[in-house]
Amino acid sequence: MSQTDIEIVVDDPTAPEDDSPSVVSSGTIEIVVCLLLLALAVTLGYDNWRTGASWDSTGPEPGYFPFYLSVILGGGSLYGLIAALVAHRKAAETFVTHAQARRVLAVFVPTLLFCLVMQFLGLYVASFLLIAGFMRFVGKIALWKSLLTAFLFTAIMFVTFDVAFDVIMPKGPLEAAFGR
Amino acid sequence: MEAFGLLLHGFAVLLTWKTLVLMMVGLVLGIFVGVLPGLGGPNGVAILLPLTFTMDPTSAIVMLSCIYWGALFGGAITSILFNIPGEAWSVATTFDGYPMAQQGRAAEALTAAFTSSFIGSLVAVLLITFLAPMISSFALKFGPPEFFAVYLLTFCSFVGLGREAKHKTIISMSLGLLLAGIGMDTVSGNLRMTFGSPELLRGINFLVAVIGLFGISEILLTMEERLALRGHAASISLRVVLGVWKDLPKYWVTLLRSSFIGCWLGITPGGAIAASFMGYNLAKRFAKEPESFGKGRIEGVFAPETAAHASGTSALLPMLALGIPGSGTAAILLGGLMVWGLNPGPLLFVEHKDFVWGLIASMYLGNVVGLVLVLTTVPIFASILRVPFAAVAPMIVVSCAIGAYAIQNAMFDIWLMLGFGVVGYVFKKIGIPLAPFTLALVLGNRAEDAFRLSMIGSGGTLKVFWSNGLVGSITTLAIVLLFWPLIEGLLGRVGWKAAR
Numbered sequence: 001m002s003q004t005d006i007e008i009v010v011d012d013p014t015a016p017e018d019d020s021p022s023v024v025s026s027g028t029i030e031i032v033v034c035l036l037l038l039a040l041a042v043t044l045g046y047d048n049w050r051t052g053a054s055w056d057s058t059g060p061e062p063g064y065f066p067f068y069l070s071v072i073l074g075g076g077s078l079y080g081l082i083a084a085l086v087a088h089r090k091a092a093e094t095f096v097t098h099a100q101a102r103r104v105l106a107v108f109v110p111t112l113l114f115c116l117v118m119q120f121l122g123l124y125v126a127s128f129l130l131i132a133g134f135m136r137f138v139g140k141i142a143l144w145k146s147l148l149t150a151f152l153f154t155a156i157m158f159v160t161f162d163v164a165f166d167v168i169m170p171k172g173p174l175e176a177a178f179g180r
Numbered sequence: 001m002e003a004f005g006l007l008l009h010g011f012a013v014l015l016t017w018k019t020l021v022l023m024m025v026g027l028v029l030g031i032f033v034g035v036l037p038g039l040g041g042p043n044g045v046a047i048l049l050p051l052t053f054t055m056d057p058t059s060a061i062v063m064l065s066c067i068y069w070g071a072l073f074g075g076a077i078t079s080i081l082f083n084i085p086g087e088a089w090s091v092a093t094t095f096d097g098y099p100m101a102q103q104g105r106a107a108e109a110l111t112a113a114f115t116s117s118f119i120g121s122l123v124a125v126l127l128i129t130f131l132a133p134m135i136s137s138f139a140l141k142f143g144p145p146e147f148f149a150v151y152l153l154t155f156c157s158f159v160g161l162g163r164e165a166k167h168k169t170i171i172s173m174s175l176g177l178l179l180a181g182i183g184m185d186t187v188s189g190n191l192r193m194t195f196g197s198p199e200l201l202r203g204i205n206f207l208v209a210v211i212g213l214f215g216i217s218e219i220l221l222t223m224e225e226r227l228a229l230r231g232h233a234a235s236i237s238l239r240v241v242l243g244v245w246k247d248l249p250k251y252w253v254t255l256l257r258s259s260f261i262g263c264w265l266g267i268t269p270g271g272a273i274a275a276s277f278m279g280y281n282l283a284k285r286f287a288k289e290p291e292s293f294g295k296g297r298i299e300g301v302f303a304p305e306t307a308a309h310a311s312g313t314s315a316l317l318p319m320l321a322l323g324i325p326g327s328g329t330a331a332i333l334l335g336g337l338m339v340w341g342l343n344p345g346p347l348l349f350v351e352h353k354d355f356v357w358g359l360i361a362s363m364y365l366g367n368v369v370g371l372v373l374v375l376t377t378v379p380i381f382a383s384i385l386r387v388p389f390a391a392v393a394p395m396i397v398v399s400c401a402i403g404a405y406a407i408q409n410a411m412f413d414i415w416l417m418l419g420f421g422v423v424g425y426v427f428k429k430i431g432i433p434l435a436p437f438t439l440a441l442v443l444g445n446r447a448e449d450a451f452r453l454s455m456i457g458s459g460g461t462l463k464v465f466w467s468n469g470l471v472g473s474i475t476t477l478a479i480v481l482l483f484w485p486l487i488e489g490l491l492g493r494v495g496w497k498a499a500r
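Quick mapping for you: the protein sequence lines, in order, are chains L and R. For the first sequence, position 72 matches number 72 in the numbering used here, and the numbering has no gaps at all. For the second sequence, position 189 matches number 189 in the numbering used here, and the numbering has no gaps at all.
The following block holds chain L by itself, in its conformation from the complex:
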């Protein structure tokens, strides 16, 4: 039977504080995104125009479809840019607070490092380092638990993909030492 009292409680020791100051407003990010999209639209539009964006005897040339899509994308981002500039003066909605940015970076930077390390040490070693490191330093979980979880998860992945299903992942010196 169900019970009325709260039974499951999970704490979040590194949670972002609610009153953390804003780093950047949504309006500013919208302007930046629209500018980037506009630049992308111009680059792709130019490339497609070069490829050929008109009609020949058999219908549209290869660049025709994407060229007009670049025009639409450019138009949409231009509209978004103007809308964001107009709205920017009154509202300043927070895009991300300091505390939130810290937490997001706490995932993003390790993920970036993981992708980098993978190039040299292979996916499995990088996975082990990512999971163990993240649990220990971001999650403040006991070292032995972190190492054990990371080892088990990586081992399960290795057995599933490399041994059982023959899905080949990037490998590094450690796997080579074991002859795999």
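For the record, the hints were derived by calculation from the structure and aren't laboratory data. Being a predicted model, the structure only gives us computed values, none of them experimental.
To spell it out: a stretch of chain R is covered by chain L in this simulated footprint if at least three of its residues, at any positions, have a beta carbon under 8 Å from a beta carbon of chain L; those stretches are:
hint: 1; stretch: 376-388
hint: 2; stretch: 413-422
hint: 3; stretch: 443-452
Derived DSSO-like pairs (lysine-lysine); straight-line CA-CA distance at most 30 Å:
hint: 4; chain 1: R; residue 1: K246; chain 2: R; residue 2: K295
hint: 5; chain 1: R; residue 1: K246; chain 2: R; residue 2: K288
hint: 6; chain 1: R; residue 1: K429; chain 2: L; residue 2: K140
hint: 7; chain 1: L; residue 1: K140; chain 2: R; residue 2: K428
hint: 8; chain 1: R; residue 1: K250; chain 2: R; residue 2: K284
hint: 9; chain 1: R; residue 1: K353; chain 2: R; residue 2: K141
Yeah, the Cβ is synthetic: ideal placement off N, Cα and C, and Gly gets one too.
Since the structure of chain L is already known, use the hints to place chain R on it.
Just chain R now, with coordinates in the frame of chain L:
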């Protein structure tokens, strides 16, 4: 009934130990990602997709669709016990579900949610069973102009009927279509938008983009929030289940109404979110005591859950029959079909009977098995939330990376995935919808091919899109839908003047 015979054949395909085990694994994994905060239907399917790459298509789709059903079931657990909607379409479930849990009726609310999910899906699957073969055999007569018109209709209805700011939908869709065009042009063989980079020659893989957009970005978004939880624990006894089921006939109008709304909004790209709110609001409006809603009324759980699941399931109808996904998750499943070497579209029903009917049969079986599974294992799954997110997050990142790399064995795709993760995070935060992007990326090349083949066939005149009644009405409808907000405004103004 031909459909019935084929369906029985589908069950025969399914009833092997291997498939049944995969089904259970899929459901358990699905409930797992459904319960985890911030992850749900499309994210779960995107993250777990790589597991299916080496399977045969039937096993793969069975497992993937079970992951999806599981995620839908799992979403209800967190909504009711923790007042945390795992997905936007579970928001309406919290209105009455959480109050019920507070009153000590959590088991009842959960049973109601799971049962109505099951009923909603069942109605939608019945619809798919009988309607999909008919639509697809009708669509076999389609030529390139008809297909282009249908694609146009899909794109236009997203812009016209979506609730996001129109320019943001247009940005998202045109960006998706553009990225889909990168690489070798399929009609002429020319290279487009590759800027001399050998990596871009292959084009941007849809699934790599999806894994970044839905997997990596979701981790970033989830980390922003406070991940502390307080909730009720519940286990469901047989007595409660039977009690709720005994009362079901009393609510048949609500269940039927919500199923209908869900199916309708699932096939058109209205989606499960709109369906769940509409189901809830209509149940409230037609109730004898509407003020008792929001205080723990069981109908308030039945109505949105039935509608959301009917919608989520019926979104697969246009995907199977026409090769056009009705939702983000359906788009990801469609991407899966391509990886397994199947060509989505009406020919699927002719060329891959085993696959299609196996999938439809798995929808029936998956829902029954799923219902039993969630009813018996709720306490275990609720305690998944005790697993710290700091352990789950890096594991999800690793799964995403494995998936992104496995698709084409390319290191470049790992970086693409990371890039799309950042794009997804920023887009979600500034309200650029991801569903049109996903849809455009997966359909872009097919839409363009259909357009250019129509042009080659017609000698380059746009009149081909009005050359017969069928293609003409679809094209016209598409254009009407594109400008629907304007038309609605005009009609409203005329009506207002007439009323004066």
